[in-house]
Amino acid sequence: MSVSYENSKIVFKGIKDAGITSLSALPETWLGLLLQHAEKDPDVRLIQVAKEEEAIGIAAGAYFAGERHILLMQNHGFLAALNGIVSLAMLYGIPLCMLIALRGHWGEPYPWHTRGGIVTEGVLRALNIPFEYARNPETVGRQIREAYTLSQSSLSPVALLLTRDLMEEAL
Amino acid sequence: MKRAECIGMLYPELDDKIVVTIMGACAQELYDLGHKENFFYLQHAMGLASSIGLGLALHLPQQKIVVLDGDGSVLMNLGTLATLARYRPRNLVHVIFDNGSLLSTGGFDSHTTSGVTDLAAIARGAGVEHVVAVDSVMDFGDAAIEAFARNDLSVIVAKVAAVGPNHYGMDLQLAENAFRFKRWIAGRNATEAP
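From first to last, the protein sequence lines stand for chains A and B.
In terms of numbering that gives the first Met the number 0, the first sequence opens at residue 0 and continues consecutively.
In terms of numbering that gives the first Met the number 0, the second sequence opens at residue 0 and continues consecutively.
None of these hints come from the bench; they were simulated from the model.
Treat the hints loosely; a few may be bogus.
[What the hints assert, rightly or not] From the structure, some residues in chain A lie toward chain B, with a derived Cβ separation under 10 Å:
# : residue
1 : Leu32
2 : Glu52
3 : Glu53
4 : Ile57
5 : Gly60
6 : Gly92
7 : Ile93
8 : Arg163
Remember, predicted model here, so these are calculated numbers, not experimental data.
Beta carbons are placed, not taken as given, at the ideal position from N, Cα and C, and that holds for glycine.
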């Protein structure tokens, strides 16, 4: 299975159309093409982290600085960032707009991704983090814009789950 | 030397800088000198003070950012030193108070006790060019003056005694601190806009 070139471009366009000027990310396969677009774009600052929890701090700093920032990570990275999400973002009322590659879910062939895939939605619900699934290239741009808007108005984390339907090339 | 002495020395220089501290003794000692709107106290999420500092520094290149960190917090997020080195914000001063102790949680030894782990060496190894380790108030003052004047990422590892304040508490709610801190930065940006 390969990552969808077209849809990666569409997701990046959605990020740009939402007025985002700064991204923090930990590269992963589904996000690879997307991050290549970000690297090439002179109007977007890409900050790569060593571990996803760092990005929660960076996002808070960007928010304090008044920058329009989003986070890109794999769902396992989301799980690795939980304490920062809870005890920085939620505790202080700092918005986070997280685009999360949902590995290990419907259609997942790789066993190592499956536990994280299966628990991701449950963890989001437990934390009361609003989320939507992004499956359709025609609506993902609007979903990104709306996720960002809600994060800012609610001063809380919001997640958009990037699914296999969207991120992998259809067979 | 005591951390409180170092913070006391920095305090008069902080008016025009954006300051992020870690939780516990470090936050309390700064607060007790008199809270300012440009101080943000990260009272939890150990390890992320330097990441907040990086996010501030990269997006506010005209401002000087000061992070007051600790050995316990840095040990929880060693990757931050590599990320700082990679993006090398010219306007960030990262002070790590190393008391070799998880003081605020009962004084357990940290990995830096007895020099087992050398945070300055880790920072250098991560790729930070300007790293200095100090253990006297005089040297700390010199290092801080140099770091504030230097137009480059600076890390100061200050060996301090494992002592803290005899009380904890602030007349400041956590979200209130965040709102006011953001407002101060916005106001400063507005007045400095060309």
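The hints, checked one at a time:
1. Residue-level restraint check for Leu32(A) is violated (minimum Cβ-Cβ distance to chain B is 22 Å; threshold 10 Å).
2. Among the interface hints, the one on Glu52(A) holds; its C-beta lies about 7 Å from the nearest C-beta in chain B, closer than the 10 Å criterion.
3. The interface hint given for Glu53(A) is met, as the beta carbon of that residue sits about 5 Å from the closest beta carbon of chain B, less than 10 Å.
4. At a threshold of 10 Å, the smallest CB-CB gap from Ile57(A) to chain B is about 4 Å, leaving the interface hint in force.
5. Because the beta carbon of Gly60(A) sits about 2 Å from the nearest beta carbon in chain B, less than 10 Å, this interface hint is met.
6. Residue-level restraint check for Gly92(A) holds (minimum Cβ-Cβ distance to chain B is 4 Å; threshold 10 Å).
7. Interface hint at Ile93(A): satisfied, since its Cβ lies 6 Å from the closest Cβ of chain B, which is below the 10 Å cut-off.
8. A least Cβ separation of about 29 Å between Arg163(A) and chain B goes past the 10 Å threshold, and the interface hint is therefore violated.
Of the numbered hints listed earlier, those contradicted by the structure are 1 and 8.
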